[in-house]
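Chains A and B supply the protein sequences, listed in that same order. Going by the numbering used here, the residue at position 143 of the first sequence is 143; the numbering climbs one at a time, nothing skipped. Going by the numbering used here, the residue at position 200 of the second sequence is 200; the numbering climbs one at a time, nothing skipped.
Hints should not be assumed to be uniformly reliable.
[Said to hold, decoys possible] Calculated from the model, a selection of chain A residues having no Cβ within reach of chain B, i.e. all distances over 12 Å: (1) 6; (2) 46; (3) 56; (4) 139; (5) 188; (6) 200; (7) 244.
[What the hints assert, rightly or not] One side only, chain B facing chain A, incomplete, derived with CB under 10 Å: (8) 142; (9) 268; (10) 312.
[Unchecked claim] The list that follows gives simulated cross-link-like pairs (lysine-lysine, DSSO-like), each with its CA atoms no further than 30 Å apart: (11) B/164 with B/175; (12) A/286 with B/269; (13) B/207 with B/60; (14) B/269 with A/221; (15) B/135 with B/161; (16) B/369 with A/286; (17) B/355 with B/376; (18) B/207 with B/63; (19) B/60 with B/81; (20) A/276 with B/269; (21) B/81 with B/376; (22) B/207 with B/81; (23) B/369 with A/287; (24) A/108 with A/221; (25) B/79 with B/175; (26) B/376 with B/354; (27) B/79 with B/60; (28) B/135 with A/221; (29) A/108 with B/207; (30) B/175 with A/108; (31) B/41 with B/207; (32) B/161 with B/175; (33) A/287 with B/60; (34) A/286 with A/229; (35) A/43 with A/26; (36) B/63 with B/135; (37) B/269 with B/81; (38) B/376 with A/276; (39) A/276 with B/246; (40) A/276 with B/369.
Since the hints were derived computationally from the structure, they do not count as laboratory data. None of the values given here were measured: they were computed from a predicted structure. Built from N, CA and C at the ideal position, the CB exists for glycine as well.
So the chains spell out like this:
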Amino acid sequence: MSIFIDQHTRLVVQGITGRDGSFHAKQMLAYGTKVVAGVTPGKGGQQFENTVPVFNTVAEAVRATEANTAVIYVPASVAASAIFEAADAGIALIVCITEGIPVLDMTKVLPYVRERGARLVGPNCPGLISPGKSKVGIIPGNICQAGRIGIVSRSGTLTYEIIHQLTTHGLGQSTCVGIGGDPIIGTNFIHCLAAFEADAETDAIVMVGEIGGTDEQEAAKFVTEEVKKPVVGFIAGQTAPPGRRMGHAGAIISGSSGTAAEKMAAFEAAGIAVMKRPADVVPLLKKRL
Amino acid sequence: MNLHEYQARDILRRHGIPVPPGDVASTPAEARALAERFGGKVVVKAQVHAGGRGKAGGVKLAKTAAEAEAHAKAIIGMKIKGLTVQKVLIAPTAEIASESYVGIIVDRASQRPVLMVSPAGGIDIEEVAAQTPEKIQRLPVDPRYGLLPHQAMSLGFFLYKDVKQARAAADIMQKLYATMYDVGASLVEINPLVTTPDGTVQALDAKLSVDDNELERRADIAALRDLSAEAPEEVAAREAGLTFIKLDGFVGCCVNGAGLAMATMDLVKYYGGEPANFLDIGGSSNPQKVVAALRIITGDPHVKSILFNIFGGITRGDDVANGIVQATREFPLKVPIVIRLTGTNEREGIDILKKAGFSALSDMDDAVKQAVAAAKGTAA
């Protein structure tokens with residue numbers, strides 16, 4: 001198994017003819033992801049790379065190809081609309097890579113997606129990869145290795161660093177999920193922890209959080225109550241000043257809340273092994289496996 | 001993006017919220033003219049993006065127009081938390097019967113706009129929340145229906161017993177909620193919301209932060225940005241498509257990705273250094289961005305070494321290497337540079353660096369250790 005995506009994932013790429021969309025669609029095809037359709041309004045009827053049919057709408061793509069997962073690479077100004085469209089077309093898993101969606105738009109998008117029973121990952125995220133099975137998003141496939149560690153992270157390149165540490169020490173991954181750096185996101189740590197806990201092919205979980213908000217603290221509570229598998233955690237932003245957005249829209253210490261120290265303390269109280277630096281991930285995991 | 005108080009007051013007024021008179025002045029003479037128009041008895045308030053303006057001497061009461069002019073002369077040009085005051089707000093002093101608080105934030109936990117009201121106004125709402133939490137009511141609003149009249153009314157009664165005042169407050173709350181979506185705010189705050197001795201309810205001071213992601217589609221709001229209120233290197237970084245935040249340390253950091261950039265700063269500290277900055281060159285980096293990043297980092301005289309930490313995904317190692325080489329042709333680096341380069345096009349990047357006489361490391365910890373040692377070496 002794995003979580004959220006596997007060999008049965010049938011992917012439609014929204015924005016497949018754009019600069020980012022076409023680049024990453026090729027990467028996903030090369031990785032072996034079943035990219036069954038692309039969508040770009042006005043380019044319906046074309047073929048992408050001579051293999052993937054392009055449609056004008058997601059609904060047409062779903063009717064023709066039974067796509068069950070969508071990945072979104074469209075510009076921020078139309079990304080909320082792309083999520084609405086995917087949810088309306090009956091897509092079960094919507095992964096939004098796009099950065100820069102206004103947070104007030106997201107307050108309207110999320111109830112809509114949930115009412116239709118869909119899951120949104122992101123926005124402003126690198127997507128997911130279940131090594132050897134499927135890759136949806138932009139995580140480089142070559143740094144991953146199939147295995148039994150689940151990773152969930154708010155970051156992009158920091159996740160690659162953690163994956164790199166694991167792979168070079170022979171610890172493969174079941175699924176890596178980048179949940180995104182925005183203040184309002186569709187899938188949070190708890191959703192991923194619950195899925196990894198239920199996944200027979202995941203033995204341990206790595207959680208990579210950062211400053212801002214209370215998601216990590218809530219997740220720590222959930223670990224205490226519901227997670228029996230070993231969990232190792234990291235928080236980025238121990239040296240971040242309060243009141244400044246550290247690149248990610250969600251990475252901000254407001255007043256005295258959302259600090260790295262507060263989150264690390266919550267992890268420790270929940271029995272989560274806390275990394276002081278990314279290189280600690282392998283020794284901490286090996287001690288607990 | 002934060003707006004100045006005078007800008008926030010204008011926006012609230014345009015959305016039908018009662019705001020007492022007041023106007024902005026850039027010179028002492030303008031301040032005097034405004035004070036004369038308001039009858040002499042005015043408050044002179046520094047317009048600057050920093051809390052604690054009063055304590056810093058940036059808020060003064062004047063009894064005459066001449067006094068207002070003198071205060072404006074003292075306040076304009078004054079530095080508050082490192083920011084130079086360019087403008088002052090001149091407003092007639094008001095008689096106040098009571099002070100309350102009304103604010104709306106986008107709440108991350110409930111993923112909704114949340115209205116917060118408190119009869120304990122005029123002070124920092126975080127302080128109220130910490131000391132007298134029973135004096136705050138919070139209402140998560142369903143964004144599909146907006147703030148419903150009965151919800152606003154019940155919050156109005158939490159503030160005022162008098163039905164007229166409760167109704168006035170409810171009306172202000174609904175207008176404030178509309179303002180939030182209309183301007184794309186992540187926070188709107190009226191603090192204090194006052195009642196005057198004759199019973200009217202007014203927004204005396206306003207704070208408004210706009211979600212940066214809204215600015216592309218709201219040119220009118222984007223035009224309110226006050227570049228003089230920001231650190232010049234941060235403005236230069238934004239124009240180059242970089243995210244840069246200046247810190248107090250001595251190891252200049254240049255990283256791709258926000259999470260990795262924070263983790264790199266933390267690791268600098270872990271190995272005994274202090275980061276001079278947060279800098280994310282972003283995903284699809286081109287050499288020009290790297291040149292701009294180096295120009296900004298080397299402009300800080302406190303930087304004693306420069307650390308690159310690049311984990312190529314979308315970012316390509318050869319692009320970063322070309323940027324570093326190009327930058328050294330355009331201006332001298334003056335301090336040692338330590339480069340960690342791995343991921344996409346790593347080999348091509350390392351080749352480019354070697355030809356130009358640089359070396360690159362593949363491990364993040366090794367690179368950080370070297371950068372900290374190099375910084376301390378040059379400092380000694």
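Status of each hint after checking the structure:
no., hint, in the structure
1, 6, "22 Å, holds"
2, 46, "24 Å, holds"
3, 56, "24 Å, holds"
4, 139, "7 Å, violated"
5, 188, "10 Å, violated"
6, 200, "30 Å, holds"
7, 244, "5 Å, violated"
8, 142, "8 Å, holds"
9, 268, "8 Å, holds"
10, 312, "8 Å, holds"
11, B/164 with B/175, "17 Å, holds"
12, A/286 with B/269, "26 Å, holds"
13, B/207 with B/60, "19 Å, holds"
14, B/269 with A/221, "29 Å, holds"
15, B/135 with B/161, "15 Å, holds"
16, B/369 with A/286, "25 Å, holds"
17, B/355 with B/376, "27 Å, holds"
18, B/207 with B/63, "26 Å, holds"
19, B/60 with B/81, "18 Å, holds"
20, A/276 with B/269, "11 Å, holds"
21, B/81 with B/376, "29 Å, holds"
22, B/207 with B/81, "18 Å, holds"
23, B/369 with A/287, "26 Å, holds"
24, A/108 with A/221, "28 Å, holds"
25, B/79 with B/175, "35 Å, violated"
26, B/376 with B/354, "25 Å, holds"
27, B/79 with B/60, "15 Å, holds"
28, B/135 with A/221, "28 Å, holds"
29, A/108 with B/207, "24 Å, holds"
30, B/175 with A/108, "19 Å, holds"
31, B/41 with B/207, "24 Å, holds"
32, B/161 with B/175, "21 Å, holds"
33, A/287 with B/60, "62 Å, violated"
34, A/286 with A/229, "13 Å, holds"
35, A/43 with A/26, "18 Å, holds"
36, B/63 with B/135, "35 Å, violated"
37, B/269 with B/81, "25 Å, holds"
38, B/376 with A/276, "23 Å, holds"
39, A/276 with B/246, "23 Å, holds"
40, A/276 with B/369, "15 Å, holds"
In terms of the numbered hints stated before, the structure departs from hints 4, 5, 7, 25, 33, 36, listed from lowest to highest.
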